[in-house]
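Here are the chains, one letter per residue:
Number of protein chains: 2
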Amino acid sequence: MASSSSSNLLALILLFQPCFLFLSPASAAGRFSLPRKPDPSNAHATARWLASQNSWGVLSTISSDLGGSPFGNVVSYSDGVPGDGRGVPYFYLTQLDPTARDALKDERASFTISEYPLGTCKKIDPENPTCAKLTLSGKLKLVETNSSEAKFALSALFAKHAEMKTWPKNHKFQIFKLDIENLFLIDWFGGAKPLSPAQYLNPGMDLPPLISRA
Amino acid sequence: MASSSSSNLLALILLFQPCFLFLSPASAAGRFSLPRKPDPSNAHATARWLASQNSWGVLSTISSDLGGSPFGNVVSYSDGVPGDGRGVPYFYLTQLDPTARDALKDERASFTISEYPLGTCKKIDPENPTCAKLTLSGKLKLVETNSSEAKFALSALFAKHAEMKTWPKNHKFQIFKLDIENLFLIDWFGGAKPLSPAQYLNPGMDLPPLISRA
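In order, the protein sequence lines correspond to chains A and B.
In this text, residue positions in the first sequence follow my numbering: the first is 1, and each later residue adds one.
In this text, residue positions in the second sequence follow my numbering: the first is 1, and each later residue adds one.
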């Protein structure tokens, strides 16, 4: 019996250990849990949850290369160190890439993120309104070098994107931020939720407790 | 010894079985394997691989609500039934949503997808150029109702997004497609790859063999 119990214990240990190999990409970046998704009735909390939990999205600008057409580009971002997201997305961009060049000619931009890559939509389709999505629109601006905001942004970016620290110096990466003027949040049936930048940036938000990603 | 072997076998079975609980959202949609990522030297195959393996992306339009600013929206899409992607993204949109309304006023649009949600970038950052990203730019057009193209597109969409079949009829979903005029593919160091729409749409592409997503 003792031998059988040991074998069963071994089986149980083995049962869960290899699953770490199959965690989602976001989990591979070191986030093994995330705050519980807010109730859809709380638009402010849902939007801030999406912004704080995602690590990448699509940044759309007015393309100077394509005669003023919209141009969406995959970018990484951070709105704060883990557990202290503040809602404003900061980016680490090089003018070797069209997005930064576009913004320096025309600041109008939008930044779009989805709940889907967080894994919490499960089998719900990414376009289903209950799988939340957020578009922040406004002006994409350079953050002044050596400012306290630049220091905050760099800490926020490097905390979530450690490899940025090693990106080539001669690419001259610069910190940009989106000054938010409009929000488009879908997190339930019935269309976009009314949510102002002031409501979104309200620092008084409490996120619900942690849940396991699985 | 026989008893020990049975226990070890049990351990091995248990070892792998629960991992299905931790598969990525894309896997939850029924795709448990994907064709091997093409070599970065093959821009055409990489772009088509990204288009055929993803199920969602960000569709950017010129916003009529926001005075001509770019507006990116999370949408589902399909470029064909599984295993027979043809490169052109089809969308199922309602004019209750701003993206479809924008396109009917100004067709200029871009559609952006990333390798990151496929899981094959592993610990590579989403903005790292070796984690591939594709932006298709062109005109977002309505597909004529009851045409053979509409029939193809609907099969393609419903094959990858089964719940679309049940979406409310009174939302009047319509099929749109992106007529591709320009491609922006990053899949390695050294900037965007030169790739024309004709090269991208070339039907002669052979995808490499299947690999396990894990």
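These are calculated hints, taken from the structure and not from any lab test.
Given the structure is predicted, the values throughout are model-derived calculations rather than measurements.
Worth double-checking, as some hints may not be accurate.
What follows is a set of in silico ranges between Cβ atoms, one per label pair, in the way DEER data are often shown [what the hints assert, rightly or not]:
#1 Lys169/A - Lys169/B: 54 to 62 angstroms
#2 Leu201/A - Ala198/B: 32 to 40 angstroms
#3 Thr145/A - Lys169/B: 52 to 60 angstroms
#4 Gly68/B - Lys122/A: 35 to 43 angstroms
#5 Leu201/A - Ser41/B: 22 to 30 angstroms
#6 Gly191/A - Asn42/B: 37 to 45 angstroms
#7 Arg36/B - Lys165/A: 43 to 51 angstroms
#8 Gly191/A - Lys141/B: 46 to 54 angstroms
#9 Ala198/A - Ser148/B: 31 to 39 angstroms
#10 Leu201/A - Lys151/B: 44 to 52 angstroms
#11 Arg36/B - Asp179/A: 25 to 33 angstroms
Calculated lysine-lysine pairs in the DSS-like style (CA-CA distance at most 27 angstroms, straight line) [claimed, not checked]:
#12 Lys165/A - Lys151/B
#13 Lys172/A - Lys151/A
#14 Lys123/A - Lys151/B
Calculated from the model, a selection of chain A residues having no Cβ within reach of chain B, i.e. all distances over 12 angstroms [stated by the list, open to error]:
#15 Arg36
#16 Val75
#17 Leu134
For every residue, glycine included, the Cβ atom is placed at its ideal position computed from N, Cα and C.
Verify the CB-CB distance for Gly68/B and Lys122/A against the hinted window 35 to 43 angstroms. holds, 37 angstroms
Is it correct that the beta-carbon of Leu134/A has no partner in chain B closer than or equal to 12 angstroms? violated, 9 angstroms
When you look at the beta carbon of Val75/A, is every beta carbon of chain B farther off than 12 angstroms? violated, 6 angstroms
Are all beta-carbon distances from Arg36/A to chain B longer than 12 angstroms? Label holds. Min Cβ-Cβ 18 angstroms, cutoff 12 angstroms.
Between the beta carbons of Ala198/A and Ser148/B, is the distance compatible with 31 to 39 angstroms? violated, 51 angstroms
Range hint 22 to 30 angstroms (beta carbons of Leu201/A and Ser41/B) holds or violated: violated, 45 angstroms
Mind checking the hinted window 46 to 54 angstroms against the Cβ distance between Gly191/A and Lys141/B? Given range 46 to 54 angstroms: violated, Cβ gap about 25 angstroms.
Would you say the C-beta atoms of Leu201/A and Ala198/B sit inside 32 to 40 angstroms of each other? 47 angstroms Cβ-Cβ, so the 32 to 40 angstroms window is violated.
Check the following: the C-beta atoms of Arg36/B and Asp179/A are separated by a distance inside 25 to 33 angstroms. violated, 42 angstroms
Distance restraint hint 52 to 60 angstroms, applied to the beta-carbon atoms of Thr145/A and Lys169/B: The hint (52 to 60 angstroms, Cβ to Cβ) holds, given that Thr145/A and Lys169/B are roughly 55 angstroms apart.
Would the pair Lys123/A and Lys151/B pass a check requiring their Cα atoms to be no farther apart than 27 angstroms? holds, 25 angstroms
Range hint 44 to 52 angstroms: satisfied by the CB atoms of Leu201/A and Lys151/B? holds, 47 angstroms
The structure fails hints 2, 5, 7, 8, 9, 11, 12, 16, 17 (numbered hints given earlier, in ascending order).
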